[in-house]
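Engineer: The primary structure of each chain is shown beneath.
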Amino acid sequence: MNRTHLYVLAFILAAVGLGLCLYKVLALNFPLSPGAESYTWNVEAKVTFMAGNEPAKLTLFTPRTTRRYAVTNEAFVSQGYGLVTAIEDANRQASWSIRQANGLQTLYYRAEVVRVNTRDPVNPVQPPSIDNPSFEGADLTVARALVDHIRGRSADNETMAAELLKRLKQPQPDDNLALLLGKNPTDRSRMELAAKVLALAGVPARVVHGIVLKEQKERLPVVHWLEIHNHKVWQAIDPNTGAPGIPDNYLAWWRGPLSLARLTGGSDLRVTLSATRELEAAINTAVVRGQIKKPLLLNFSLLSLPLHSQQVYRVLLMVPVGGFLLVLLRNIIGISTFGTFMPVLIALAFRETQLLWGIVFFSTLVALGLSIRFYLDRLKLLLVPRLAAVLIVVVMLMALMSIFTNRLGIERGLSVALFPMVILTMTIERMSIVWEERGPYEAIKQGLGSLLAASLAYVVMHNREIQHLFFVFPELLLVLLAATMLLGRYSGYRLVELWRFKVLAQVPPKES
Amino acid sequence: MFELGRRLADLGIMGINRRNAEFTLAYNPRRYYPLVDDKLRSKELAAAAGIPVPELYGVVQSEYQVRRLPVWLKDRQDFVIKPAHGSGGEGILVIAGRCRANYRTVDGHLLTQEEINHHVFNILGGLYSLGGQTDAALIEYRVRFDPVFDHICYQGVPDVRIIIFLGVPVMAMLRLPTRVSGGKANLHQGAIGVGIDLATGATLKGVSRHEVVAEHPDTGHSIRGLVIPHWETLLDTAARCQELTGMGYLGVDLVLDQDLGPLLLELNARPGLAIQIANAAGLMHRVKLVEEHLQELPSVEARIAFARRYFAVKPPPAP
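Just so you know, the protein sequences line up as chains E and D, in that order. Under the numbering used here, the residue at position 111 of the first sequence is numbered 370, and the numbers go up by one with no gaps. Under the numbering used here, the residue at position 202 of the second sequence is numbered 1572, and the numbers go up by one with no gaps.
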C-alpha cells in the first residue's frame, strides 16, 4: 500500500481547496464569516379590503431606494388587477385597479430590502416647499408663542427641532400644548404637529413613516419620524431624543401627511406590514453593496443559482461535514451507531424540530416503534413484509404524534413529519435484532450512540459559521476530502479501544 | 491517555483500525471474500481439500423449500440451522433433540415446526446476512464436543479460534459458551475466551467481556492448564486454510467432536481482537515477526514449527 501516493493526493486536494479559498478571501473579498450587517430583509405589505361589486382602486405607498436601503426584487401579487407604479414627490406608490370586484380582496406587495450605505443621495432631493400651516384662531396664537419659545432656546434649525420634540414628548404637556395636541395624542399626530409648528417657524419639515426591521412575522407597527431640511439635505431627527440621525434598522416607507393606503370602491381597508430576515442572501448583499469585485466569478458559483436552490445546497453541503464527523466518531473515538450515516439524516431532520424536541421525538418514535416491532415478532411475519409493516406503523405514529402535539399546542410536533421514515424503520429493525441477539444493554448503547452522534452532527451542521464557510467556499470540500482520505489510513487505536485493552497494559508483559 | 496508547503500542496490541487498514484490506483480496463469507462454499472447499467438516444435511435456498423441512428433518434427532452468510454467530439455531412434534434447543426451549420455519424464513430474507442480501439456510450435523471440555462448558459447543497470518498460526484461543452467551461461542455475546499456548495447546487465562477470569462462571471449574487434544491436527488444519482461501489474514474456527475429531466450522476474514486480551499478548509483534521470516517458511510444517517455537508462552529470543 503506497502511502506516499495518498499523502501527495491529499496534499494536492488540500492545497487546491485552501488556495481557491484564500484567493476568494484575499483577492475577491469574500466574507469569511456571515457577519451581522449583511442582512437582506423581505418586507411585505398585505392589504385586505371588502370590495362592493363596483370598480375599486387601491393606492399603496411603497418604499423606494434611498441612500440607506436598496429595494430589489419587488413583487406585486394581485389577481385580475391592473397595476401602475408612480413616483410622486418624495414617495413611490402602486395603484391597483379593477373594473369589478366582490368580497374579500387580498393584495400583496413584497420586496427585498438591502442595507446599503452610499454617500450621495440616490434620489434627487426634493426642493423644500413650505406649505402654509393651517393654524387658525387660538391655535395660531398658541403655535406662534411656541415658536417664539423654542426659537429663544435654540441656536439653529436642528436644535430648534430638538427643543420642540422635547416639549412635545413631555408626559404632562402644558395647557397651550395640550390645546394644539388635542385629546389622546398619538405619535403620528405629535410628529405632524411638530412639522406644522416648524413650518410656521420657517423650517421645512416633514413626517416620515416607516418600520423598524426586526424578526417579527406578525404586523409590524408603523414608526413615525421627523425630517427637517437642513442645508441641501433632509436631516432625520429622532422623535424620542431629538438628536439627529436615524437607527440603522429603520426603513422609511413613505413621507408626508397621507395615509399608507387609500381605497375607493370598497370598505374595511386593512394594511399590515411585516418583515423577515433573509440570512441566505448574505453574499448577494455583498454583491449589491459592491464589496465583492469581479462578480464574473460569481456566475460560475453556487451563488449564481436561484435563491431556492441555494437554500438546498446550503443544507446539502452540510451532509459531507456530517459524514466527516461520523468518520471521527466511529474510527477515532469508536462510538457504535445504527447504520453508517443514519445519524447525519437524523441530524438533518433535527434542523426543523430543533435539538431538544428532535431528541424527544426520535426517542419516542423509536421506543414506540420498537414495542410494536416486538409485538409483530410474535406473528412470525416474513422479513420484507415485516419491514413494510413497521414502516407503515412508523408513518402512522408520526401522524399521531403530529396530531397530539398540535392539540397540546406544541408547534414543533408538526415537523416530526420530516424524520426519514425508512431510516427510522431500519433503525427499529436493527435495534430489535441487536436487542434479541446481544441483549438490551447493547441495543440501548448503540441507540444512545446514534442519538449522541446525531446530536453532535446537528450542532456542527447547524452552525451558521460552518454553513456559511462551506456554502461560500465549497472548495473546502476538497480539504474535507483530503482529511477524510488521510483518516482512511489512520491505523492507531480508537479511543474506546484504549479502555477495552486497558487490562493488558496493567498486566506486566510476559515476554519481558 | 496518550501514555496508555503508547504502552498498548509497546505491547503490540492491534487496534481495529490497524487490523482493517494494514491486514484485512491489505492481505485479504476482496474477490476471495465469498469463499469465506459463504459458509456453504467454504465447507465445499474444505471438503474438497480433505479437511473434515460437519456433515451437511441440507440447504434451504428459497421459501418454497421450507415446506419440505418437516420431511427433511424427520429422521434427525439433532441438527444445527445456520445462515450461510451469518456473521458473529448470529442466527444459529442448535436443536439438541425432539419432543414429539416439537424441537428442543440446547437450553431446553421447545420450538414448534412453525417457529423453526419462521427462523428459516428470516435467514432466507437476509436478516442475519451482511448487508441484508437474501441468504440460504444450512442444516448440518450437530457437533458433540469432546468430553475434555465437559467441566468448563455451559450448553453449546466450545470451539477453537486460530488466527492464521500468511499461513502461520499467530494466536489461538478456546471459546467457551456461558449461560450469558446462550450457548453461543462468540465473545461479544458473553462467551469466555481462553488463551492457548501455541507450543503445547495448553490453556492460559480467560477473558469474559473485558475482565480476566480464571474459572468458568457457570461451572466454577478452573479453565487454566487444560491441554487441548489433537493440538497438532488443529494447527495443521488451520494453517492449510490459508492456501485454501487465498486469505492472508484469517480467523479459523474449529471444533473437536468426540467421535470425528477436529472439524472445520467456519472461516472469518475479519477475526476479532479480543483474542489479544485472552492471551495477554499483542498481535503486532507476532505478525511483524512472520513478515520478516516468511521466506524461510516454505511449507506448512515449517510454519507450524516456527509458530510453536516463537509464539509459545516463553519464547526464545526472536531470530
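Keep in mind the hints are simulated off the structure, nothing from the lab. Since this is a predicted model, take the numbers as computed values, not measurements. Note that the Cβ used here is the ideal one computed from N, Cα and C, for glycine as well. Be careful, since some hints might not be right.
Pairs of lysine to aspartate or glutamate, EDC-like flavour, derived with a Cα cap of 20 Å [unchecked claim]:
hint: 1; chain 1: E; residue 1: K425; chain 2: E; residue 2: E395
hint: 2; chain 1: E; residue 1: K455; chain 2: E; residue 2: E417
hint: 3; chain 1: E; residue 1: K428; chain 2: E; residue 2: D497
hint: 4; chain 1: D; residue 1: K1658; chain 2: D; residue 2: E1392
hint: 5; chain 1: E; residue 1: K639; chain 2: D; residue 2: E1433
hint: 6; chain 1: E; residue 1: K428; chain 2: E; residue 2: E417
hint: 7; chain 1: E; residue 1: K491; chain 2: E; residue 2: D446
hint: 8; chain 1: E; residue 1: K639; chain 2: D; residue 2: E1425
hint: 9; chain 1: E; residue 1: K425; chain 2: E; residue 2: D446
hint: 10; chain 1: E; residue 1: K491; chain 2: E; residue 2: D415
hint: 11; chain 1: E; residue 1: K704; chain 2: D; residue 2: E1460
hint: 12; chain 1: D; residue 1: K1658; chain 2: D; residue 2: D1380
hint: 13; chain 1: D; residue 1: K1444; chain 2: D; residue 2: E1392
hint: 14; chain 1: E; residue 1: K639; chain 2: D; residue 2: E1484
hint: 15; chain 1: E; residue 1: K455; chain 2: E; residue 2: D398
hint: 16; chain 1: D; residue 1: K1444; chain 2: D; residue 2: E1510
hint: 17; chain 1: E; residue 1: K455; chain 2: E; residue 2: D507
hint: 18; chain 1: D; residue 1: K1444; chain 2: D; residue 2: E1433
hint: 19; chain 1: E; residue 1: K639; chain 2: D; residue 2: E1460
hint: 20; chain 1: E; residue 1: K761; chain 2: D; residue 2: D1380
hint: 21; chain 1: E; residue 1: K761; chain 2: D; residue 2: E1373
hint: 22; chain 1: D; residue 1: K1444; chain 2: D; residue 2: E1460
hint: 23; chain 1: E; residue 1: K761; chain 2: D; residue 2: E1485
hint: 24; chain 1: D; residue 1: K1684; chain 2: D; residue 2: D1567
Footprint (simulated), chain D over chain E, 3 or more residues, beta carbon under 8 Å [said to hold, decoys possible]:
hint: 25; region: 641-647
hint: 26; region: 738-750
Engineer: For every hint, state whether the structure bears it out.
Structural biologist: Here is how each hint holds up against the structure:
no.	hint	verdict
1	E/K425 with E/E395	violated (24 Å)
2	E/K455 with E/E417	holds (15 Å)
3	E/K428 with E/D497	holds (12 Å)
4	D/K1658 with D/E1392	holds (11 Å)
5	E/K639 with D/E1433	holds (14 Å)
6	E/K428 with E/E417	holds (16 Å)
7	E/K491 with E/D446	violated (27 Å)
8	E/K639 with D/E1425	violated (29 Å)
9	E/K425 with E/D446	holds (13 Å)
10	E/K491 with E/D415	holds (15 Å)
11	E/K704 with D/E1460	holds (19 Å)
12	D/K1658 with D/D1380	holds (13 Å)
13	D/K1444 with D/E1392	violated (48 Å)
14	E/K639 with D/E1484	holds (9 Å)
15	E/K455 with E/D398	holds (11 Å)
16	D/K1444 with D/E1510	holds (14 Å)
17	E/K455 with E/D507	violated (27 Å)
18	D/K1444 with D/E1433	holds (19 Å)
19	E/K639 with D/E1460	holds (18 Å)
20	E/K761 with D/D1380	holds (13 Å)
21	E/K761 with D/E1373	holds (11 Å)
22	D/K1444 with D/E1460	violated (25 Å)
23	E/K761 with D/E1485	violated (43 Å)
24	D/K1684 with D/D1567	holds (9 Å)
25	641-647	holds (count 3)
26	738-750	holds (count 4)
Of the numbered hints listed earlier, those contradicted by the structure are 1, 7, 8, 13, 17, 22 and 23.
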